[in-house]
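Q: Protein chains in written order, with the working numbering: chain A, 33 to 446; chain B, 33 to 446; chain C, 33 to 446; chain D, 33 to 446.
Please note that the accuracy of each hint is not assured.
The list treats identical chains as interchangeable, and a pair is accepted whether it falls inside one copy or across any two copies.
As the list claims (entries may be wrong) - Straight line, CA to CA, 35 Å or less: simulated DSBU-like cross-link-like pairs of lysine-lysine:
#1 K65 with K160
#2 K91 with K77
#3 K202 with K65
#4 K65 with K439
#5 K439 with K91
#6 K202 with K91
#7 K439 with K47
#8 K439 with K89
#9 K362 with K77
#10 K362 with K47
#11 K65 with K77
#12 K65 with K148
#13 K202 with K362
#14 K155 with K65
#15 K89 with K202
#16 K155 with K439
#17 K65 with K362
#18 K367 with K65
#19 K367 with K91
#20 K367 with K47
#21 K367 with K77
#22 K47 with K202
#23 K439 with K77
#24 K367 with K160
#25 K439 with K202
#26 K160 with K439
Derived from the structure by calculation, the hints contain no laboratory data.
This one's a predicted model, so the numbers in the text were calculated from it and none came from an experiment.
Protein chains: 4
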Amino acid sequence: MDFAHSPRALELIEKLRAFMREHLLPVESELLKARHEARRGGDWKQWIVEPEVKALKAKAREAGLWNFFLPDPALAPGLNHVEYAALAEEMGRSFLAPEIFNCNAPDTGNMEVLWKYGSPEQKERWMKPLLAGSIRSAFCMTEPDVASSDATNMQATATLDGDEVVLDGKKWWSSGIGHPDCRFAIFMGVTDAQAERHARHSMVIVPLDAPGVRIVRMLPVFNDYDEPYGHGEVHFDSVRVPQANVIAGLGRGFEIAQGRLGPGRIHHCMRCIGAAERALELLIDRGMERQAFGRRLIDLGGNQERIADLRIAIDQARLMTLYAAWMIDKVGALKALTEISAIKIVAPSVLQRVADEAMQMFGGAGLSNDSPLAAIFAHARVLRLADGPDSVHRAVIARREIGRRSKGGGSRAA
Amino acid sequence: MDFAHSPRALELIEKLRAFMREHLLPVESELLKARHEARRGGDWKQWIVEPEVKALKAKAREAGLWNFFLPDPALAPGLNHVEYAALAEEMGRSFLAPEIFNCNAPDTGNMEVLWKYGSPEQKERWMKPLLAGSIRSAFCMTEPDVASSDATNMQATATLDGDEVVLDGKKWWSSGIGHPDCRFAIFMGVTDAQAERHARHSMVIVPLDAPGVRIVRMLPVFNDYDEPYGHGEVHFDSVRVPQANVIAGLGRGFEIAQGRLGPGRIHHCMRCIGAAERALELLIDRGMERQAFGRRLIDLGGNQERIADLRIAIDQARLMTLYAAWMIDKVGALKALTEISAIKIVAPSVLQRVADEAMQMFGGAGLSNDSPLAAIFAHARVLRLADGPDSVHRAVIARREIGRRSKGGGSRAA
Amino acid sequence: MDFAHSPRALELIEKLRAFMREHLLPVESELLKARHEARRGGDWKQWIVEPEVKALKAKAREAGLWNFFLPDPALAPGLNHVEYAALAEEMGRSFLAPEIFNCNAPDTGNMEVLWKYGSPEQKERWMKPLLAGSIRSAFCMTEPDVASSDATNMQATATLDGDEVVLDGKKWWSSGIGHPDCRFAIFMGVTDAQAERHARHSMVIVPLDAPGVRIVRMLPVFNDYDEPYGHGEVHFDSVRVPQANVIAGLGRGFEIAQGRLGPGRIHHCMRCIGAAERALELLIDRGMERQAFGRRLIDLGGNQERIADLRIAIDQARLMTLYAAWMIDKVGALKALTEISAIKIVAPSVLQRVADEAMQMFGGAGLSNDSPLAAIFAHARVLRLADGPDSVHRAVIARREIGRRSKGGGSRAA
Amino acid sequence: MDFAHSPRALELIEKLRAFMREHLLPVESELLKARHEARRGGDWKQWIVEPEVKALKAKAREAGLWNFFLPDPALAPGLNHVEYAALAEEMGRSFLAPEIFNCNAPDTGNMEVLWKYGSPEQKERWMKPLLAGSIRSAFCMTEPDVASSDATNMQATATLDGDEVVLDGKKWWSSGIGHPDCRFAIFMGVTDAQAERHARHSMVIVPLDAPGVRIVRMLPVFNDYDEPYGHGEVHFDSVRVPQANVIAGLGRGFEIAQGRLGPGRIHHCMRCIGAAERALELLIDRGMERQAFGRRLIDLGGNQERIADLRIAIDQARLMTLYAAWMIDKVGALKALTEISAIKIVAPSVLQRVADEAMQMFGGAGLSNDSPLAAIFAHARVLRLADGPDSVHRAVIARREIGRRSKGGGSRAA
């Protein structure tokens with residue numbers, strides 16, 4: 033047992049931190065402030081990628097701080113999940129970092145899908161520019177009219193018609209679809225409703241300019257639109273794409289979705305850890321700066337106990353996430369379902385709690401956009417729903433625990 | 033001991049419910065949607081009071097559903113706090129109701145202050161139009177540069193100069209100051225920094241058009257500006273007002289603030305109870321409507337236990353708030369500090385929790401503005417800070433508990 | 033709405049407090065210490081009622097501080113439930129008080145059952161000596177081999193055979209059955225397994241000396257046997273009693289059980305409130321007495337916030353319990369199911385929490401029997417299971433909430 | 033980063049599991065039942081080590097499953113802390129296991145102290161028989177009259193007088209002192225009250241038969257005396273021992289105590305993890321066995337979510353404890369204070385929670401001694417106080433967090 037990161041990971045962490053300290057953090061708050069002041073709100077057609085962001089992307093790529101997430105040494109640093117996790121934590125400290133280093137959701141997940149399941153043509157046409165950071169993409173799974181946590185509820189269809197596939201249905205919470213560089217989405221729909229439960233769905237690449245694709249609106253989270261990514265509501269009305277756009281073959285959508293989710297959750301959760309560390313730093317700093325009743329805020333009431341509890345919660349969440357990452361590396365995502373579901377519950381919830389406590393320490397300033405706390409909180413809140421609400425993940429874990437005991441096994445796998 | 037409301041209160045509750053059902057609720061969601069779509073954001077100079085709201089105010093006043101909060105039978109229905117509490121709960125179910133019935137913060141608190149402490153001239157000039165609903169007002173206490181939970185930190189000054197008082201300082205979270213009808217604020221500042229701790233401050237009426245008053249910006253709460261009220265940052269630069277604008281006399285600001293806060297907290301907390309009931313209804317309805325894994329969401333996992341826990345939490349919060357109201361009626365706010373601090377902690381926290389759980393049941397729709405949950409949540413969140421953060425109220429309660437035991441008394445007052 | 037107790041209740045509270053202060057509290061700790069030192073453990077045949085307890089009972093009866101629980105002015109002070117609740121809280125501060133004032137479980141429930149449903153002969157023979165305090169009784173419902181929270185699981189039988197009823201089955205957690213004065217039990221068994229779900233069971237009076245009744249052992253709660261009451265495991269082997277011992281008629285057991293539980297829960301819960309107040313007093317006193325790191329324990333870390341949170345929790349639990357009592361008085365237990373289930377969840381849980389926190393303040397002394405905290409904790413713990421575990425009560429509340437919304441009603445009854 | 037145990041640890045885990053499955057578990061419940069039935073209670077002079085336990089010890093020693101805790105390859109398997117942790121978890125599943133494998137507290141801590149700081153003579157005379165399992169020992173630090181969490185409160189003295197040291201004072205919660213084989217204690221007392229805060233105390237070996245040592249009583253935890261170890265109250269009245277009994281030299285007591293606590297906490301916490309796994313297994317099994325309302329208990333209400341939450345809590349606690357163990361191995365206990373304090377808070381608290389929930393699933397059987405849950409619960413409860421209450425550990429963590437930020441560092445060490 034060894035909790036130290038590999039030398040390769042440690043070296044990249046150092047480089048990443050240095051890059052962020054020197055190039056990113058000095059401009060970030062001004063940039064975000066300018067976004068707020070531009071007040072583009074949900075009007076995504078006005079959204080921009082600022083020149084500073086583009087310059088930082090170029091610089092990061094040049095420095096080799098790029099595509100950490102892809103475990104393919106031919107195309108990227110080739111880290112495993114547990115190594116990447118440490119970098120994701122660092123990137124989670126900044127709202128801009130993930131895109132700067134070409135590690136932002138949902139593009140990472142889409143690149144992984146194409147890398148694992150894509151045809152050579154799909155890789156050439158869609159994965160390559162994503163890896164280069166020259167285009168962005170979206171993922172269209174969740175639907176407005178049903179409980180999407182149950183995949184069998186899905187109403188959208190991907191129907192074969194000759195050598196074309198016809199896409200129909202309504203999707204929402206399609207993250208990233210408002211990005212000015214977003215060029216395509218991966219669409220998930222039912223191809224054969226009569227097939228076995230896990231062989232009904234297909235994943236299909238759909239260019240956003242295909243006739244019949246209509247972005248209806250961007251959805252806010254606590255009035256925040258996550259510019260320039262956005263969470264879109266998108267309607268597909270008899271959208272026709274060549275069958276060559278189907279990923280891995282018709283009916284394999286569920287399988288791909290399963291494979292996509294494990295690593296994606298590691299990414300999200302490790303970013304949560306980084307954001308939580310940042311929120312805790314803000315909390316402590318504010319508590320040291322301000323005074324009331326003759327003492328620093330941090331010395332009043334239960335504030336020190338609160339800090340200790342948050343430290344413990346963050347450290348436990350980090351270890352759990354790293355453990356899940358290691359399990360994926362060792363036995364694969366399908367055998368690490370308990371661990372992946374566990375971190376999906378824990379990490380966003382810890383982040384929300386740290387942000388909430390930091391707001392209390394800040395007072396009103398914590399609720400406004402004078403601090404990043406409101407944005408951090410909103411991010412945590414949406415993650416408690418994205419990729420399945422907590423209750424679905426609890427059910428996954430419970431089913432496995434009970435199953436193991438039914439067979440007379442220990443309550444624990446390992 | 034009798035938990036039933038008085039016949040007078042019951043009659044008004046019925047009338048209020050009927051009015052809201054017939055006149056208010058049918059238009060509310062359209063109105064709020066229109067506000068969102070107008071996307072005025074923090075640009076408060078563009079804020080409006082919609083004609084529908086004005087019409088509803090007129091209709092409510094005509095129906096005698098007006099100024100419930102004021103315990104003066106000559107000017108209002110003349111309810112006590114425990115009777116008013118029931119009506120505040122009903123109004124809390126709607127974002128528009130408080131103003132429609134002329135019971136919105138901070139005007140209620142300001143009217144009470146003027147009613148209790150105002151000179152005849154102050155009543156005539158400022159209280160009367162407030163009672164008529166023709167103007168609105170703000171309250172300027174919290175400051176950006178210090179921990180305002182400790183009044184001795186206050187930096188703003190109200191200095192006597194001849195027969196004028198000169199106001200200087202920065203205030204923020206001045207709620208209501210963005211309202212198109214807002215005409216004046218009650219400003220709190222230090223008059224004599226050497227005086228006894230509770231005799232330093234003064235409260236002064238300041239017309240918003242007085243030279244030197246500058247509204248710098250509106251502060252968002254999770255990007256929501258609470259249009260058309262707003263939480264403003266206001267700078268006062270050598271603002272001169274006649275000494276006649278001082279309320280009750282120089283040095284009496286602290287005393288007035290104390291008296292103001294008890295009833296105000298009852299109002300806020302009872303509105304929280306109403307909003308929590310509404311959020312719970314939304315949660316249950318959504319859970320009955322949607323299906324996953326072959327069952328209604330409400331029948332899955334721990335959802336029923338969650339509903340039970342929320343019901344218990346709401347009922348306990350309601351009883352605690354009514355008890356605090358009754359204590360104010362019987363022994364006055366200063367002897368009910370434990371109870372008032374208790375509800376100030378409990379009610380917003382219960383509301384935040386119910387809203388949070390309802391969001392989980394709604395999925396993404398709960399975070400966007402398709403449901404009122406995000407606005408309810410933001411409202412609860414700001415109330416955990418407004419009028420003092422939870423930790424300050426815990427300190428108030430603890431001090432009294434310990435004090436009682438130090439004197440050998442029981443742990444409980446009554 | 034009026035939170036003040038009636039003059040009658042207030043007068044009795046004063047008298048009860050005075051009696052406890054003068055007569056009971058001075059001897060209680062010595063008495064309990066002597067019990068511990070006697071180390072009779074679960075050997076219930078050695079259990080005694082100490083002469084001091086007998087003397088106090090006589091004195092209390094003489095003073096008219098007796099049978100407060102019975103709402104019958106002909107036989108008792110004739111208080112309603114909300115009045116009694118206040119007295120139950122006071123009695124809850126002491127382990128001995130309930131019996132001293134003839135208000136201890138399960139005798140109170142048994143007396144109520146006989147008072148409401150008993151025949152004149154049953155009242156004469158069994159209720160009268162119970163009311164006089166000269167005998168004690170037990171209640172045999174819970175069974176060892178099934179989940180007793182579901183009454184349809186009950187395996188014990190009460191079969192009519194000529195003019196006798198034959199009782200068979202195993203019961204446990206039969207509280208009070210170890211008492212030296214325990215003379216009879218009320219036994220619940222299935223009479224007609226084919227009858228409608230609520231008409232299957234009967235309640236039958238069974239003298240403990242009837243052939244076939246065998247007390248197998250006393251069950252400990254955290255190794256505490258609750259001497260001299262005890263929780264017994266009792267086997268009934270073809271026990272024959274005259275049909276005249278059936279209460280209210282065969283098949284009415286379920287109905288009686290329902291009626292029995294409402295008031296009984298009020299009693300338990302209000303005693304919890306009293307015990308919680310006592311535990312909080314102990315916590316505060318200890319925190320003031322001891323020092324560490326140069327300060328009183330009470331001034332360290334989050335201790336003051338903890339005290340505030342406990343005060344709030346206790347006050348909310350008290351109000352909720354009083355409200356449930358008032359509902360029983362006004363509309364009857366069957367229409368107050370939500371409120372009764374709510375307090376059944378809340379009050380023992382608050383007591384356990386207060387006792388747990390007090391133990392932390394005491395350190396090791398809190399776990400041993402040098403303080404009453406371990407006994408208080410054990411009492412709270414068993415109450416979270418007695419009369420139905422929390423989860424069953426949550427289900428009751430949830431079903432009613434959802435039912436109300438299904439009919440389009442508000443989420444709240446009143 | 034590698035979460036797998038070393039081959040050496042894995043091999044020992046397998047052997048240990050096999051031994052426990054074959055030899056220990058089959059006899060454990062009968063043995064514990066016999067102890068209960070013997071009803072020796074706190075009468076420690078009657079306590080015995082059962083012949084079965086002695087035989088198992090001999091067998092374990094023979095099998096090389098012995099002294100895992102000692103990181104000295106010359107005297108023991110020579111595991112590091114992270115390797116030992118896995119074995120401690122396994123042993124934590126049984127109440128008997130720790131002694132069977134000569135790994136029970138407080139002997140492990142005492143052996144470590146003697147191994148690190150003892151003179152050759154001390155090792156020969158006291159450590160050797162401890163390592164052989166032929167005697168047991170106690171540790172006398174906590175005192176009844178002061179808050180012992182602050183070492184400067186200590187009142188007991190160890191005064192040099194010629195070539196003897198004179199011990200005076202009262203100690204309690206001296207664990208293990210009731211064991212029939214207990215031969216000596218390590219006593220901590222003040223030698224020089226004027227010395228620098230960390231140089232005042234000495235640790236002295238005191239044979240239990242030295243004149244002036246008086247065991248006054250055994251202290252129960254929820255009426256459980258932890259036979260045959262016990263928590264004793266011991267008075268030292270002018271007890272004289274040769275100066276050669278001082279460990280490491282006068283004034284070094286604090287330093288030794290610090291070093292002792294780190295590994296000891298790892299041991300306790302890992303045993304908590306094992307006990308929590310066992311309690312969770314019991315919970316799940318009971319929930320599958322019993323039915324109510326037509327379904328298995330485990331399928332009712334929030335039970336499955338509860339299981340998931342407990343699984344997550346246990347896994348996080350395990351990872352945190354392993355991480356602390358690894359930190360001790362890498363950088364030493366003094367640099368791992370945050371991690372050690374974190375697990376000291378988390379692990380007992382998780383164990384108490386799992387035991388509490390399992391009791392709810394069991395109903396009354398969970399509170400009695402028919403299941404091991406009450407004993408598990410009591411064990412968890414005492415651990416929340418032993419080695420410092422949670423609040424002291426929170427203060428340790430907070431101080432370090434704040435210190436790091438004061439110096440401009442990140443909120444996290446690594």
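Q: Does each hint hold? Answer for all of them.
A: Going through the hints against the structure:
Only within a single protomer do K65 and K160 lie at most 35 Å apart by alpha-carbon distance; the minimum there is 33 Å, versus 42 Å between protomers. With identical chains, the CA atoms of K91 and K77 are at most 35 Å apart within one copy only, with a shortest distance of 27 Å there and 42 Å across copies. When the C-alpha separation of K202 and K65 is checked against a cutoff of 35 Å, the pair qualifies both within a copy, at 34 Å, and between copies, at 22 Å. Only between protomers do K65 and K439 lie at most 35 Å apart by alpha-carbon distance; the minimum there is 28 Å, versus 57 Å within a single protomer.
In this assembly of identical chains, K439 and K91 lie within 35 Å of each other by CA distance solely across copies; the values are 31 Å between and 55 Å within a copy. Taking identical chains as interchangeable, the C-alpha atoms of K202 and K91 are never at most 35 Å apart, the minima being 39 Å within one chain and 42 Å between chains. For the homomeric pair K439 and K47, the shortest alpha-carbon distance between copies (22 Å) is at most 35 Å, but the shortest distance inside one copy (49 Å) is not. Taking CA atoms no more than 35 Å apart as the test, K439 paired with K89 passes between copies only; the shortest distance there is 32 Å, against 52 Å inside one copy.
For the homomeric pair K362 and K77, neither the shortest alpha-carbon distance inside one copy (44 Å) nor that between copies (54 Å) is at most 35 Å. Taking CA atoms no more than 35 Å apart as the test, K362 paired with K47 passes in both settings, with 27 Å inside one copy and 24 Å between copies. For the homomeric pair K65 and K77, the shortest alpha-carbon distances inside one copy (20 Å) and between copies (21 Å) are both at most 35 Å. In the homo-oligomer, the alpha carbons of K65 and K148 never lie at most 35 Å apart, since the shortest distance is 39 Å inside one protomer and 44 Å across protomers.
Within a single copy, K202 and K362 get their C-alpha atoms no closer than 38 Å, and across copies no closer than 53 Å, so neither meets the 35 Å cut-off. Within a single copy, K155 and K65 get their C-alpha atoms no closer than 37 Å, and across copies no closer than 43 Å, so neither meets the 35 Å cut-off. Taking the shortest alpha-carbon separations for K89 and K202, only the intra-copy value of 33 Å comes in at or below 35 Å, while the best inter-copy value is 40 Å. Neither within a single protomer nor between protomers do K155 and K439 lie at most 35 Å apart by alpha-carbon distance, with minima of 44 Å and 49 Å respectively.
Taking the shortest alpha-carbon separations for K65 and K362, neither the intra-copy value of 43 Å nor the inter-copy value of 44 Å comes in at or below 35 Å. Taking identical chains as interchangeable, the C-alpha atoms of K367 and K65 are never at most 35 Å apart, the minima being 44 Å within one chain and 40 Å between chains. Taking the closest pair of Cα atoms, K367 and K91 never come within 35 Å of each other, the shortest separation being 38 Å inside a single copy and 38 Å across copies. In the homo-oligomer, the alpha carbons of K367 and K47 lie at most 35 Å apart both inside one protomer (33 Å) and across protomers (26 Å), since each shortest distance falls under that limit.
With identical chains, the CA atoms of K367 and K77 are never at most 35 Å apart, being 42 Å at best within one copy and 53 Å at best between copies. In this homomeric assembly, K47 and K202 never come within 35 Å of each other (Cα to Cα): the closest approach is 43 Å inside a single copy and 43 Å across copies. Taking identical chains as interchangeable, the C-alpha atoms of K439 and K77 are never at most 35 Å apart, the minima being 56 Å within one chain and 45 Å between chains. In this assembly of identical chains, K367 and K160 lie within 35 Å of each other by CA distance solely inside one copy; the values are 30 Å within and 47 Å between copies.
For a Cα distance limit of 35 Å, the shortest separation of K439 from K202 across copies, 31 Å, qualifies, whereas the shortest one inside one copy, 42 Å, does not. In the homo-oligomer, the alpha carbons of K160 and K439 never lie at most 35 Å apart, since the shortest distance is 47 Å inside one protomer and 45 Å across protomers.
The structure shown violates the earlier hints numbered 6, 9, 12, 13, 14, 16, 17, 18, 19, 21, 22, 23 and 26.
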